[in-house]
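Asks: In order, the protein sequence lines correspond to chains A and B.
Read left to right, the first sequence gives residues 470 to 1061 (this note's numbering).
Read left to right, the second sequence gives residues 470 to 1061 (this note's numbering).
Don't read these hints as lab results, they were simulated from the structure.
In this text, a Cβ means the ideal position worked out from N, Cα and C, and glycines have one as well.
Warning: the hint list may mix true and false statements.
[Unchecked claim] Think about it this way: if two alpha-carbon atoms lie no more than 30 angstroms apart in a straight line, the pair counts; the simulated DSSO-like pairs of lysine-lysine are: (1) A:K572 to B:K515; (2) A:K575 to B:K575; (3) A:K572 to B:K670; (4) A:K572 to A:K515; (5) A:K659 to A:K575; (6) A:K515 to B:K670; (7) B:K572 to B:K515; (8) A:K515 to A:K575; (9) A:K670 to B:K515; (10) B:K572 to B:K659; (11) B:K572 to A:K572; (12) B:K515 to A:K575; (13) B:K572 to A:K575; (14) B:K670 to B:K575; (15) A:K666 to B:K515; (16) A:K670 to B:K572; (17) B:K572 to A:K515; (18) B:K670 to B:K659; (19) B:K575 to A:K572; (20) A:K515 to B:K575; (21) A:K515 to A:K666; (22) A:K670 to A:K575.
[As the list claims (entries may be wrong)] A few chain A positions that, by computed beta-carbon distances, are all more than 10 angstroms from chain B: (23) K515; (24) G516; (25) R651; (26) L654; (27) V729; (28) N1048.
2 protein chains.
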Amino acid sequence: ITGGPLARWQRTNREASIPLGLRQMERSGAVPNLRLAAGEAEGEFKGYRFQDSDLYKQLEAVAWEHARQPAPEYEEFVAESAALLARAQRPDGYLNSHYQVVKPGKIYAELEYSHEMYCAGHLFQAAVAGARAGTDGRLLDVARRFADHLVEVFLTGGDDGIDGHAEVETALVELYRLTGHRPYLELAGKLVDNRGKGLIKDSGMGMLYAQDHLPVREADTAVGHAVRQLYLEAGVVDLYLETGDESLLECSVRRWEDLVATKTSITGGHGSRHDGEAFGERYELPPDRAYNESCAAIASIHWNWRLLLATGHGRYADLIERTLYNAFAASTSADGVRFFYVNPLQRRSDLVEDAYLGRRREWFACACCPPNIMRLVSSLGHYLATAEPDGLAVHQYAEGRIVSGDVALRVETDYPWDGRIAVTVERAPGTEWSLRLRVPAWSASSSLTPGEDGYAVIRRAWKPGDTVELELDMTPRLVRAHRRVDALRGCAAVERGPLVYCFEQADQEAAVDDLALVPGAPLRVTPVDDLPGVGRTVLIQTDALAVTEPEGGLPYRTHHVATTTGVTATAIPYHQWDNRDGGPMRVWIPLA
Amino acid sequence: ITGGPLARWQRTNREASIPLGLRQMERSGAVPNLRLAAGEAEGEFKGYRFQDSDLYKQLEAVAWEHARQPAPEYEEFVAESAALLARAQRPDGYLNSHYQVVKPGKIYAELEYSHEMYCAGHLFQAAVAGARAGTDGRLLDVARRFADHLVEVFLTGGDDGIDGHAEVETALVELYRLTGHRPYLELAGKLVDNRGKGLIKDSGMGMLYAQDHLPVREADTAVGHAVRQLYLEAGVVDLYLETGDESLLECSVRRWEDLVATKTSITGGHGSRHDGEAFGERYELPPDRAYNESCAAIASIHWNWRLLLATGHGRYADLIERTLYNAFAASTSADGVRFFYVNPLQRRSDLVEDAYLGRRREWFACACCPPNIMRLVSSLGHYLATAEPDGLAVHQYAEGRIVSGDVALRVETDYPWDGRIAVTVERAPGTEWSLRLRVPAWSASSSLTPGEDGYAVIRRAWKPGDTVELELDMTPRLVRAHRRVDALRGCAAVERGPLVYCFEQADQEAAVDDLALVPGAPLRVTPVDDLPGVGRTVLIQTDALAVTEPEGGLPYRTHHVATTTGVTATAIPYHQWDNRDGGPMRVWIPLA
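Please work from the sequences and hints to get the whole structure.
Replies: So this is what it looks like as structure tokens:
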């Protein structure tokens, strides 16, 4: 990836976010806690019981970053962390600073909320990344010793416990892929099979919170804590990919279809409730109270990537794109040093109930999101294309090079600001093979015609220098929600290409909450080279109305009076919001 | 009160709810905990740290019930409870079973969430009720000893602590009114003055949760935990009533105006968020996730009653009526043995996220609501009328008698099913005096013309037998919400008289979520003598549409297709919902 927003995010991630994250590893307690566990320091354990996972995600980010572009400046951090982890690890392989330091008598006794396997999963993912990236190998030793301990206790040892927070399942499959050690896969399978049998004690959040209400193969709809469900789904599809158990793919696709149709924000965000960080009911999609946790967007991308690998269907790549450019991208400030945990679609002017006034923050007591964001940004290159039995498929478009075996492609595009994508073959075997290019479902028309799976297929004996051009329809779109989405009734949102737009107060002539969009009014595309605080963007402007209604007394009446004036309304890509002031913002605007 | 819904609620309360509540006093731990505190039993403390308050509210309900109609069957319960409380009380007057049994070293050390003064407040209210009703006087001794202890510690002792949960303020003023003991009033004043100075530690819920973010006189808007704010307001107005400190009335009225205009459900319910049981932002009024805690409705009625006493303005009586007949009345099942804690305005068909499927329950682990409901129902008679300097004002209408000094009135009406109210003077002094009758703001026209304060005033030298007739406009009304109420855009609700209606699945030809109301379609009034499960009611029917849209894929599109068929839609008073099956319900229906 050499150009466009993805390249910019990777640059900012490397130059600003990761250095910030590394500083936080000391400050937040993640590293000091491990020194306590290693018996090398004295003091109080700091933070949550899953504090170790912050370090693991940070190590994973650094590994992918190193793979992307050698990063000798991180060598010391990786080596020291791996060595510290090795020293903190118990002789039997167990490793969790919270339980070793604070509750040594409760190891594996509070799985409903202990996050012990959840942390292990993040360790495994960091180790796999380190191994693939060629960073310090001792991390893999630590990971394998812990994984072997889990196998001893929970697979061969016969303990039927499962972690209240799914995550280790997908990580175990990844560790199996790297090592070929089958017990890791078998343990992942057992953990998935055991879920939904009431084996998890109620942590006080109810049975649905941890998806323990129904066996994975029987559940029809995503429930409870969104991030848990979505990491679980990634593991479920991973298991299908390695075992071929169709029942796993079927149930996951069934829940995906329900989730997409009824529990997904226009930004791709998941989780409608602050209460329990939960999905909510079908069609419960409030813009103001949307939770849309940054981690849920990341877990959703993980899951959809595996579904794409399993099925080859472009609808999963479409959702990855929507989530990536909107729910996920909005989680980080333009300068890379502030993050959203929650990503709502509306901010009102009187956020008195929120101590942070609904703005991004540098870090969080529960800091699951920032290092998670960093590891995904560093690994964005993984999600662009796949080698296929008959060639190569391109799923996401960004300026750069795609290399797979003896095929090399150059992608030239100004995507997503522009819809023209030129793919040039740089290297190819002489034989005939297929180039598959995704045509996003949002594009009303395109220069190449996709099949039912959303991909245009061009089969030929490609020669170096051959070029294919794909042109997508970048006309701005006014979209409305299904009538069952109660919270969005009578409203419209603006999209262009893969980007969802929003209306920020900083750009308006009238109060954001007074705006009304006029159906059919032209949506004018206005590129801006460097909007202060934001950088390069494409604004969309339209002739709209400002509607005000007097306030006072109960707001429920048989008759209403309103005053209407014409204004220009200006929309900015949602992922670029909150980079100026803390004013009101809306994705969904009432229709006049 | 001899007829109409109020009389029925009081009968059901006495025959079903209170007996259930008394049984729960043993089962829930409230009474057994006090036996532990008294050193008369061994075992574990059961329930929350505010478990004592359940017993206090139950005792208050029994007292008002006894005042309404002698209840010798409760004598033993009252006497035994008072004796147990006296034995459990420490020699210094302190009384809280949780802190005495579980955390004796932490007394008054965790005021941010200890509920010690909150419980004391409910004890004082129970004792005041007992004293006024003539039930066991030992309760007043217990209450006064505890109140004296609070005075010693927090007033003369100089401790600046305040309870995280307001409630004791209004209770101390009530205790002062009964006893004339000024330190109680002074302590209430100090507690109100000290709020908003950051003296409450953050319990983890933030500064707003307990209204400690701003001094009471400076805060412009209701924030945080709704019940806490509303009990606090009752105390603030009580203090004004006893001290004449205008700054207290001013700030409370200012918040009232903001709250009514921007943070009140059509049912009078308060609190839009499950998260923190909080108000939420201005105009954040989701029907599905409305919290509208039953206790908030009760606290609101307490506050509005005091504002009515302070100002004589009918808008407070109007809101009492709305809250009473809707948010409050819905909290109890028709048979009086199941209760809502949360009173939303919508229930969908897939309440999988709720273990109780959104239905009323017999009791709760946190059982603040049921005994609170019972004490209000038993004391409904207090809210009907007031003696005025120049006569008598009738605020709420129900069949029955109103006696005040040498005036006695008979009220004959089938309110709220019918809008005709006949007030006949049974006894009167010979002199001239004013009869003030509230004309609700919802009545588009009426046979008597109200003044600006909402009251029709008839001044004469009344003679026994004189009758005044007030006829209110009971035409059903289709109301819409202010355009800033995002969650209700494009919807309408049906009201008739003081009753808000809802659409339950049990009465519909089509799915509730498919209904669309047709503006201007006649709203047909259909009285029903005895709807199974519900009892007497007045249904409203209208010709409506059933609109369905295909489901699948993301619910956000540029074009939508829908199928429309004509149906009859049937509405039932909101307070009578959930007395049949657990099907979907909506107060707000999309407009066609």
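Asks: Against each hint, give a clear statement of whether it holds in the structure.
Replies: Hint check:
1. A threshold of 30 angstroms between alpha carbons decides the hint, and for A:K572 with B:K515 the separation of about 26 angstroms falls inside it, so the pair holds.
2. Using a Cα cut-off of 30 angstroms, the hinted pair A:K575 and B:K575 holds, with the two alpha carbons roughly 27 angstroms apart.
3. This hinted pair checks out: A:K572 and B:K670 have alpha carbons roughly 27 angstroms apart, not beyond 30 angstroms.
4. For the suggested pair A:K572 and A:K515, the alpha carbons sit about 13 angstroms apart, so the restraint of at most 30 angstroms is met.
5. Under the criterion of a C-alpha separation no larger than 30 angstroms, the hint pairing A:K659 with A:K575 is consistent with the structure, at around 23 angstroms.
6. At roughly 20 angstroms between alpha-carbon atoms, A:K515 and B:K670 fall within 30 angstroms of each other, so this suggested pair holds.
7. Proposed proximity of B:K572 and B:K515 is supported: the alpha carbons are some 13 angstroms apart, at most 30 angstroms.
8. Distance hint between A:K515 and A:K575 is fulfilled; the C-alpha atoms sit about 18 angstroms from each other, no more than 30 angstroms.
9. With a CA separation close to 20 angstroms, the supplied pair A:K670 and B:K515 stays within the 30 angstroms bound.
10. Distance hint between B:K572 and B:K659 is fulfilled; the C-alpha atoms sit about 27 angstroms from each other, no more than 30 angstroms.
11. With a C-alpha separation of about 23 angstroms, the suggested pairing of B:K572 with A:K572 holds against the 30 angstroms cut-off.
12. Simply put, B:K515 and A:K575 have alpha-carbon atoms about 24 angstroms apart, close enough for the 30 angstroms limit, and the pair holds.
13. A C-alpha spacing of about 24 angstroms is found between B:K572 and A:K575, which places the hinted pair at or below 30 angstroms, so the restraint holds.
14. The suggested pairing of B:K670 with B:K575 holds, with an alpha-carbon distance near 14 angstroms, which does not exceed 30 angstroms.
15. This hinted pair checks out: A:K666 and B:K515 have alpha carbons roughly 29 angstroms apart, not beyond 30 angstroms.
16. Between A:K670 and B:K572 the CA atoms are separated by roughly 27 angstroms; this keeps the pair inside 30 angstroms, and the hint holds.
17. This hinted pair checks out: B:K572 and A:K515 have alpha carbons roughly 25 angstroms apart, not beyond 30 angstroms.
18. As the CA atoms of B:K670 and B:K659 are separated by approximately 18 angstroms, the hinted pair is consistent with the 30 angstroms bound.
19. Proximity of B:K575 to A:K572 is assessed by CA-CA distance (about 24 angstroms); at most 30 angstroms being required, the pair is judged to hold.
20. With a C-alpha separation of about 24 angstroms, the suggested pair A:K515 and B:K575 falls inside the 30 angstroms cut-off, and the hint holds.
21. Taking the CA atoms of A:K515 and A:K666, the gap is near 34 angstroms; set against the 30 angstroms cutoff, the hint is violated.
22. As the CA atoms of A:K670 and A:K575 are separated by approximately 14 angstroms, the hinted pair is consistent with the 30 angstroms bound.
23. The Cβ of A:K515 lies farther than 10 angstroms from every Cβ of chain B, with a closest approach of about 17 angstroms, so its non-interface assignment holds.
24. With a cut of 10 angstroms on Cβ distances, A:G516 stays outside the contact zone with chain B, its closest approach being about 15 angstroms.
25. Every C-beta of chain B lies more than 10 angstroms from that of A:R651, the closest at about 36 angstroms, which supports listing it as non-interface.
26. For A:L654, the requirement that its beta carbon stay farther than 10 angstroms from each beta carbon of chain B is met, with the minimum near 31 angstroms.
27. Not every beta carbon of chain B lies more than 10 angstroms from that of A:V729, the smallest distance being close to 6 angstroms; the non-interface claim is violated.
28. For A:N1048, the non-interface assignment is confirmed: its Cβ lies about 22 angstroms from the closest Cβ of chain B, beyond the 10 angstroms cut-off.
In the structure shown, a violation is registered for the earlier hints numbered 21, 27, in ascending order.
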